[in-house]
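A.B. asks: Take a look at the letters that make up each chain.
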Amino acid sequence: MQTLTLTVNGAAVTLTLDERTLLVELLRDHLRLTGTHVGCDTSQCGACTVHLDGVAVKACAVLAVQAEGAEILTIEGVGSTEHLHPMQAAFREHHGLQCGFCTPGMIMAGIDIASRHGPAPDEPTVRAELEGNLCRCTGYHNIVLAIQAGARAMGVPSSVATA
Amino acid sequence: MFPFTYHRPVELASAHALLVANEDAKLLAGGQTLIATLKQRLASPSDLVDLARVPGLTGMAREGEALTIGAMTRHAQVSASPLVVEALPALAELAGRIGDPAVRNRGTLGGSIANNDPSADYPAACLGLGAAIVTDRRVMAAGDFFLGLFETALEPDEIIVSVRFPIGGWAAYAKFANPASRYAMAGAFVWKGEGGVRVAITGAGQNGVFRWGAAEEALAADFRPAALEGLALDGDDMIADIHGSGTYRAHLAGVMTRRAVARILERGSP
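From first to last, the protein sequence lines are chains A and W. The first sequence stops at residue 163 when you use my numbering, and every number in between is there. The second sequence stops at residue 1270 when you use my numbering, and every number in between is there.
By construction, these hints were calculated from the structure, which means they are not laboratory data. For every residue, glycine included, the Cβ atom is placed at its ideal position computed from N, Cα and C. Please note that the accuracy of each hint is not assured.
Claimed, not checked - 25 Å max Cα-Cα, derived SDA-like pairs, lysine to any residue:
1. W:K1026 with A:T3
2. W:K1026 with W:R1224
3. W:K1039 with A:E25
4. W:K1026 with A:Q2
5. W:K1039 with A:R127
6. W:K1026 with A:D122
Claimed, not checked - Per the computed footprint, the stretches of chain W lying under chain A, defined by three or more beta-carbons under 8 Å from a beta-carbon of chain A, are:
7. 1035-1041
8. 1241-1250
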């Protein structure tokens, strides 16, 4: 067992866990943050995408102990039902989801794309960036539109694209 | 996963001491291959030694005519580094096509080459650019480092510190990625510079990354895709699996080599 402290959605958390615990298990099973999904558990599908110290990672491919001291942002931390994050609002507006299973990962990936590519990523860029996020319903078309709209709404200047 | 003891050393010497004290210990870098392997119970290390907090293993620096990249530098950092883009654009491009964005945010250069997966991208760049692998005790030429399938010249307690890539010449990497895994079905890293031509093929050979000598000779005489006409790798030496036969991969390696040559020429080099 290992005791670790990390920040999840702005709150400090201290847990004692089996070393084998994955970050996604820490979030879902221990903190009951079940918005982060497990689709494939082989780091192909991206449904478990969260931000670790500001960058998108697949929470099924990170050990919880590796996140000691890190800041984790999950879908629960980006917006609320009353105040959706611009990326969430864009997914609703553009019908970027059908069953919704991949959506938390898509939104976390979308925010990551916007923070690296700025407010106007073109379609090929968004499609290439979504290589690691699978959707079995939509055919991606509206997801791409939603991420472009969300990036615009976030208004991140492109000067931070390679920071 | 089988149980293991987790360690997070904060200096290189203690990481090394942990490897010495625990025969079945394994180093943990970005974990993008190792964690999946542990989950499938394909490995059962007694101890995991996480290198994330060991200082001096990350970062990129140009020292004269070489670019040194720390072993724990993430693929995303390499691909986005203005230093790498300027000095070795083909290397930045290669790093930017490993796996997917989330994998690139975790995976590391040192982890990739220490694992020496026969379909990994970085080994091709190391061989193609004639890189030097710097460990905690010696410097090895890439040609002496990659020994075979998942096999390197590393001693069990040896730790990669950085990789030194010579700057100069022209290079390109062409890769045909498996659409599901993003691993190379065949990838060709071609370099032309003072001293000739290097062609490093990954994803195809049964013994992992290798240099294609016949293609190097042909291209040294005539650096055009057409110079490779009539040259073929032996399908019997290539990986054959559900994704493709050996003959298919041998053919694909040739196609990727021609594409890499064409890309170098398009950019208006030699």
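A.B. asks: Which hints, by number, does the structure contradict?
C.D. replies: Violated hints (numbers, rising): 2, 5, 6, 8; every other hint is consistent with the structure.
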